[in-house]
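> Model the full assembly from the supplied sequences, consistent with the hints where possible.
Chain order of the listed sequences is V and E.
Position 249 (the first sequence) corresponds to 249 in my numbering; numbering is contiguous.
To convert, take the position in the second sequence, counting from 1, and add 262; that gives my numbering.
Since the hints were derived computationally from the structure, they do not count as laboratory data.
Just so it is clear, CB atoms sit at the ideal spot from N, CA and C, and this is done for glycine as well.
A few of these clues could be false.
[Claimed, not checked] Residues from chain V shown here face chain E by an in silico Cβ test under 8 Å; the list is partial:
1) 45
2) 49
3) 76
4) 240
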Amino acid sequence: MLSLREQQAGFAAALFNPAAGRSAPGIRADGISPAVRLGFYRTNVFENYRKALAATYPAVEKLVGSGFFAGLAEEYIRRYPSHSGDVGRHGEQFGEFLRRHACARELPYLSDVARLEWNIDESFNEADHAPLALERLANVPEGQHERLRFLLAPSCRLMSSLFPVHRIWQMCQPDSDGDGNVDLGQGGADLLVRRHGFHVMVETVQPSEFAMLVALSTGHDFAEAYDIAHGVDGGFDPDTFLQKHVLSGVLVDFILPADAWV
Amino acid sequence: MENAPRRPARAELPPRAGIGLRAPHYREILETRPDIGWVEVHSENYFGRGGQPLHYLERARCHYPLSLHGVGLSLGSADGLRQAHLVQLKALVERFEPALVSDHLCWGAIGERHLNDLLPLPCTEATLDLVCVNVVRAQEFLGRQILVENVSSYLQFSDSTIPEWEFVGEVARRTGCGLLLDINNIYVSAINHGFDALRYLDAIPAHAVREIHLAGFDSNGMCLIDTHGKPVAGPVWNLYGEALTRLGPVPTLIEWDTDLPPLAVLLQEAAKAQEILNQWTLETTHALAA
Chain V
1 MLSLREQQAG
11 FAAALFNPAA
21 GRSAPGIRAD
31 GISPAVRLGF
41 YRTNVFENYR
51 KALAATYPAV
61 EKLVGSGFFA
71 GLAEEYIRRY
81 PSHSGDVGRH
91 GEQFGEFLRR
101 HACARELPYL
111 SDVARLEWNI
121 DESFNEADHA
131 PLALERLANV
141 PEGQHERLRF
151 LLAPSCRLMS
161 SLFPVHRIWQ
171 MCQPDSDGDG
181 NVDLGQGGAD
191 LLVRRHGFHV
201 MVETVQPSEF
211 AMLVALSTGH
221 DFAEAYDIAH
231 GVDGGFDPDT
241 FLQKHVLSGV
251 LVDFILPADA
261 WV
Chain E
263 MENAPRRPAR
273 AELPPRAGIG
283 LRAPHYREIL
293 ETRPDIGWVE
303 VHSENYFGRG
313 GQPLHYLERA
323 RCHYPLSLHG
333 VGLSLGSADG
343 LRQAHLVQLK
353 ALVERFEPAL
363 VSDHLCWGAI
373 GERHLNDLLP
383 LPCTEATLDL
393 VCVNVVRAQE
403 FLGRQILVEN
413 VSSYLQFSDS
423 TIPEWEFVGE
433 VARRTGCGLL
443 LDINNIYVSA
453 INHGFDALRY
463 LDAIPAHAVR
473 EIHLAGFDSN
483 GMCLIDTHGK
493 PVAGPVWNLY
503 GEALTRLGPV
513 PTLIEWDTDL
523 PPLAVLLQEA
533 AKAQEILNQW
543 TLETTHALAA
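In structure tokens:
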């Protein structure tokens, strides 16, 4: 007799590999063949995952149509096992899957649309954070601002694309009033995804601004980050940057070494 | 969020009808505050760190007692419970202090892979031992009793030796867990496997049942499938009445997850359950008076 562990491993394998003709061991027929009974579960499992993917990736589904999307979902479900008891996490690799998929030859921007939608989904569920109190910034000793290490709000996500992926995404929104055309020749985009209240916003930012945000989010202090942004655009203005992103709730906290306060 | 109204401390669920709180109904429920006994949510939908879902759950919790119902604990996994999942669940339980915490008598993960579904278990002594160990561990980790729910099934295992109704009761007896009796699941499995649903009800230890689920099913032509996408079926209402004569009034949830209808439809279903609960309460009152 099979152990429960062997039985469950066999069940899982058979669920995802019907083509190999595998049937889970130990299932009673009772008038319906074990393979057909297993198929009932396969239908449910694949439907759960497909619905979860469609909920996270509505723009991708709109771009390729629901029939083609269902095919992509099925392939993804077979090749990318879920690693969480929360079905909403299963789609994490969908953008990567699309990047490697044959359809990327015709729709090279599709994987970036998926990455954007994943970022939106993550931002939606991220932790809340109070804005930075301006008096804290005002209390930083003269000459020490360069050493500040800023923290971005937890809901912020940064991504860049070679395509105008925000325009494509916008076009797919239910409230879009565009004509359904996006000029791919208009070039790429640097995007800041963040949540304001419960509303997730997708904003384009200047390349230097993007470089500054990436640098800050990866632990550089303000002076180091400024050097990087300045390298991208000699006209980059750090004061405008700071004002904009503190007031809008992107930069929500900072740390400063103890010796800076004396 | 910070200035949300104070919410009441943990309390028992009243023996009334409740509904599942689903995202499309958040605003309407909070604005209209329908007269329902309590609400239930899927725990995993609130595993995020912030934002709208937790905010609305916090607000709903101020007005209604809450039952946290999980689908991902995988109490029947041969390789045990997933620690990361337990940690997330515990954080949610500590934050919201729900009246009840429940999950299913099934498995849904093996090795690194989650299947994110409620998969059936062979009813054997070995499975019983394993499930009991997992239930006890979950209760110890969470520091409280959990309820375990019977699932619908579309197949049976040839090595099963214990009838499901005995298996379910035995888990409660051995672990001290409560039972969440899903009447629709009993009906679906009874039709699919040809057993007597009343015999199932008769075998359930009444004192252990702390919540009831009612939902709608579909048929694929060969099997009834538990889809939670339709009104509760007539025979399931009948079986619910039978359950109450054995159990007394028990908090009862209308579960509706796919093809979610307008809130009004959900409330009508809940009112129907409430009417049956009321009848039962009246009958006992009369019986006691006589």
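> The structure should be examined with respect to each hint, and the outcome stated for every one.
Taking the hints in turn, this is what the structure says about them:
Hint on residue 45 (chain V) holds. Least Cβ distance to chain E is approximately 5 Å, under the 8 Å limit. With its C-beta approaching chain E no nearer than about 7 Å, residue 49 (chain V) sits inside the 8 Å limit, and its interface hint holds. For residue 76 (chain V), the shortest C-beta to C-beta distance to chain E is roughly 14 Å, which exceeds 8 Å, and the interface hint is violated. Hint on residue 240 (chain V) is violated. Least Cβ distance to chain E is approximately 29 Å, over the 8 Å limit.
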